[in-house]
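> Chain by chain, the residues run as shown.
2 protein chains.
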Amino acid sequence: MNLKNARLAAFGSTRRAGIRPEDDLNLQALCKADTSVVTIFGKSWDFHVTDIIRTSLEENLNMIRDTIAFLKEKGKEVIFDAEHFFDGFMANRDYALECLRAAADAGASCLILCDTNGGMFPSDIYRIVKEVVEMFPFLIGIHCHNDGGMAVANSIMAIEAGACHVQGTINGIGERSGNANLCTIIPNLQLKKGYSCVPKEQMENLFVVSRTISELANLVPNERDPYVGRSAFAHKGGMHIDAIRKNPLSFEHIDPSLVGNERRILMSEVSGRSTILKRIQEVLPWADKNSPETQLIMDEMKRLEHEGYQFEGAETSFELLVRRVLKKDIKFFNVKDFRVLCEEHWQDDYSASAIIKVEVDGVEEISAAEGDGPVNALDKALRKALQIFYPQLDKMRLTDYKVRVLDTDKATAAKVRVHIESTDGQKVWGTVGVSTNIIEASWDALVDSIEYFLYQHHEKSEMKLEKTV
Amino acid sequence: MNLKNARLAAFGSTRRAGIRPEDDLNLQALCKADTSVVTIFGKSWDFHVTDIIRTSLEENLNMIRDTIAFLKEKGKEVIFDAEHFFDGFMANRDYALECLRAAADAGASCLILCDTNGGMFPSDIYRIVKEVVEMFPFLIGIHCHNDGGMAVANSIMAIEAGACHVQGTINGIGERSGNANLCTIIPNLQLKKGYSCVPKEQMENLFVVSRTISELANLVPNERDPYVGRSAFAHKGGMHIDAIRKNPLSFEHIDPSLVGNERRILMSEVSGRSTILKRIQEVLPWADKNSPETQLIMDEMKRLEHEGYQFEGAETSFELLVRRVLKKDIKFFNVKDFRVLCEEHWQDDYSASAIIKVEVDGVEEISAAEGDGPVNALDKALRKALQIFYPQLDKMRLTDYKVRVLDTDKATAAKVRVHIESTDGQKVWGTVGVSTNIIEASWDALVDSIEYFLYQHHEKSEMKLEKTV
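Chains as they are written, first to last, in my numbering: chain Y, 42 to 510; chain A, 42 to 510.
In short, the hints are calculated from the structure, not lab data.
Please read all numbers here as calculations on a predicted model, not as lab measurements.
Possibly wrong hints are sitting among the right ones.
In this list, chains with the same sequence are indistinguishable; a pair is considered to hold if it fits within one copy or across any two.
What the hints assert, rightly or not - When the alpha-carbon atoms are kept at most 30 Å apart in a straight line, the in silico DSSO-like pairs for lysine-lysine are as follows:
| no. | residue 1 | residue 2 |
| --- | --- | --- |
| 1 | K234 | K113 |
| 2 | K233 | K443 |
| 3 | K287 | K443 |
| 4 | K233 | K343 |
| 5 | K398 | K436 |
| 6 | K343 | K468 |
| 7 | K343 | K73 |
| 8 | K343 | K443 |
| 9 | K451 | K398 |
| 10 | K468 | K451 |
| 11 | K425 | K73 |
| 12 | K115 | K436 |
| 13 | K451 | K368 |
| 14 | K398 | K456 |
| 15 | K468 | K372 |
| 16 | K425 | K451 |
Work the whole structure out from these sequences, hints included.
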């Protein structure tokens, strides 16, 4: 790999007690990793030395010294992570500092104070880091865990106390409650306090970086994450939205575009006429708040929201609703009928199948499919039939399927709301369906999703309506 | 509602500019809410007064004064939330303080400094709160948002600076990146710093409180949440686990049982054995951790959890699982086969029906039902057939039905978990089913629920097994 901005560090621990560094297999492996930097963690809490690795306090100091000296001799830059430093400092201040001294004397370029158990408080971090920085100027770094929910604040307090190196992870990925989240720390320091962490253009990639790492790690992004979550700049409720329109600073701590994120005005009856109007204008550019079309659409929207619809994250269903209300929709296909059958003939032998008949421009097509459950069977049968007419549908796939039971106390007769997210490889769109029948709700969301795709990918249509139409 | 420990506060804003409090419809509604406490938010950032609500600085002070005086006259305790206080303080310190003074003079019992936009830093919070506390001793509270990822730390810094009231939410639920998370703040203050927030026994309910609120709000719990997430005390990797075995303090900031959570040793058969054992003993009182029954049940449970089952809130399904694994279950009925049909013949004319055949003691019964969706049809058909044999089933009804999609990225082929809650008018019990087929998942939860009812209400059975059985 030819890294342009990053340097890779190999990570391991000090040598084992009672052996020479050159005989330690882990240290040999660290050298072989062929990185210019090696980060070594070592004990600095006396209790861990005596009770966990069960060696003498003096031998632990030797382990730190020997290990770092050995790696320096091999030409490595060495960063020393003082594990449990804060707990150690509070239990035995002198010994914790002796460990740092051993590492500094052996040539470590950076001494990292670790809150390994993650339970420290910001004011304690500030006080201790300040004291240590005075002893080891320009050498101190911070490494926080989030067990007390304060890893970001603790890292920042350490910086304010004079630390010059922060260890953290993208999205705070890490054991237990996670490590300090760099996607929060970097913009906090740079956008609020004037520290220079990354170039401005890279800061604008923060949202994408966060998403990409989640994707690679196969983790669901936390949409509430500061700066990079999809909810971080989402607004709902008339008063907030009205204020944001007058001046975004009124309810936003930064401009979302600085970190590559965007403002979301959530669609809802309470978000007020002006938000909905903006949406309507995306389809009907000439509409204003007094247009009869606007009133018609708002009435229909209110009726649907009352039924349990919610258009947040399902803006596509809303656009299609606008077309239908104005009778400007294109019928790409008609469903003549469908039938879904779920059977259990013998214990644990389930099956789900669907038969569907569609009609496009006077031509009928019937198809059938089996699936992992009734909705999947219906989905497969519908695509099978439609691909005869619209082969481009093979570019579209569903990426998300969510079910919410709306009135749980009605038990199995409850109404459900289904959200579907789809993609054609470039755009992502969301649709919604509501019914007491989960198959009907899924069906409505599915049909909206396919219709939208066809509007985008069919020569005879485009989404925006012409005034003359 | 007869609340034992909590007091409810009605929440609204100061009167609108230019009208009398008694003419303000919102204030009238707040009074009608009939709570002893009313919390009023008002502007304290001059920019918001002039640019957002667009009135004079003097009129805003009048709005604060009038509103609080009006509510005091009605016998209410009034808490004043100074919206955007910190931004206001930094922009125009004198005016922000004048707003607090107006509220205090009008009789507010508490002045809450709000970081409404959530972008403040812990050291600034500490400095400003300390200054304000000196002016208004014993009156100051804190209200933080999490846009900078520091809402918990900021709340704690405010407490350290002398604030005596914290506003937050369970699980940090709130707009954008959320409010300050009380499930983190409460144990931080009480278990680490000796503040007394809640009785010890209530602290041990924190985990359950957090889960219950997530469940009620139908939000997926964040398993990485400090203290109350399932990962908060999870350990993996030989070295950490070895250290935890020698002394849990080595890698845990607190004892998880203090907040009702538990240690999880991942990828290891010892995970939570004692917790599961406790459950097993409810059915098999003589079982101990070395019983072969315990091992059998744990293996089956692990297999099911891996499939997506979750037995919290579905203890009944777990009890039935124990009986089945030990082959001590009673077959109250056999389902010979069932068939569920969903059809759409004409646009918007949906139907869902089910046919089911059951057998009890050699006698077969077939029945059919229509319903509001396929699961409801199946539910009705099953009861209809079974009531011939078990007329007492008319006492049982379903009270809750929830669906969670487990792997949303598999779209309509995703696995779903169905939770059903039932009652016989006295007891309430929960059951669970998991499948890619929502009908199968619902069916499994439904059958468990009915079986459990029959164990309770049938002379030939009881739930607890006898050693001699």
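> It remains to establish, for every hint, whether it holds in the given structure.
Cross-check of the supplied hints:
Taking CA atoms no more than 30 Å apart as the test, K234 paired with K113 passes in neither setting, with 35 Å inside one copy and 42 Å between copies. Proximity of K233 and K443 under a CA criterion of 30 Å is satisfied in neither setting, with 37 Å inside one chain copy and 40 Å between copies. When the C-alpha separation of K287 and K443 is checked against a cutoff of 30 Å, the pair qualifies neither within a copy, at 35 Å, nor between copies, at 41 Å. With identical chains, the CA atoms of K233 and K343 are never at most 30 Å apart, being 35 Å at best within one copy and 47 Å at best between copies.
Within a single copy, K398 and K436 get their C-alpha atoms as close as 22 Å, which meets the 30 Å cut-off; across copies the closest is 43 Å, which misses it. Taking the closest pair of Cα atoms, K343 and K468 come within 30 Å of each other only inside a single copy of the chain (28 Å); across copies the shortest separation is 39 Å, beyond that limit. Taking CA atoms no more than 30 Å apart as the test, K343 paired with K73 passes between copies only; the shortest distance there is 27 Å, against 53 Å inside one copy. For the homomeric pair K343 and K443, the shortest alpha-carbon distances inside one copy (22 Å) and between copies (25 Å) are both at most 30 Å.
In the homo-oligomer, the alpha carbons of K451 and K398 lie at most 30 Å apart only across protomers (25 Å), although the nearest pairing inside one protomer, at 33 Å, exceeds that limit. Taking CA atoms no more than 30 Å apart as the test, K468 paired with K451 passes between copies only; the shortest distance there is 18 Å, against 37 Å inside one copy. For the identical chains of this complex, K425 and K73 are neighbours neither inside a copy (47 Å) nor across copies (59 Å), given an alpha-carbon limit of 30 Å. Taking identical chains as interchangeable, the C-alpha atoms of K115 and K436 are never at most 30 Å apart, the minima being 48 Å within one chain and 65 Å between chains.
With identical chains, the CA atoms of K451 and K368 are never at most 30 Å apart, being 35 Å at best within one copy and 34 Å at best between copies. Taking CA atoms no more than 30 Å apart as the test, K398 paired with K456 passes in both settings, with 27 Å inside one copy and 27 Å between copies. When the C-alpha separation of K468 and K372 is checked against a cutoff of 30 Å, the pair qualifies only within one copy, where the shortest distance is 22 Å, while the shortest distance between copies is 52 Å. In this homomeric assembly, K425 and K451 come within 30 Å of each other (Cα to Cα) only across copies, at 18 Å, whereas the closest approach inside a single copy is 35 Å.
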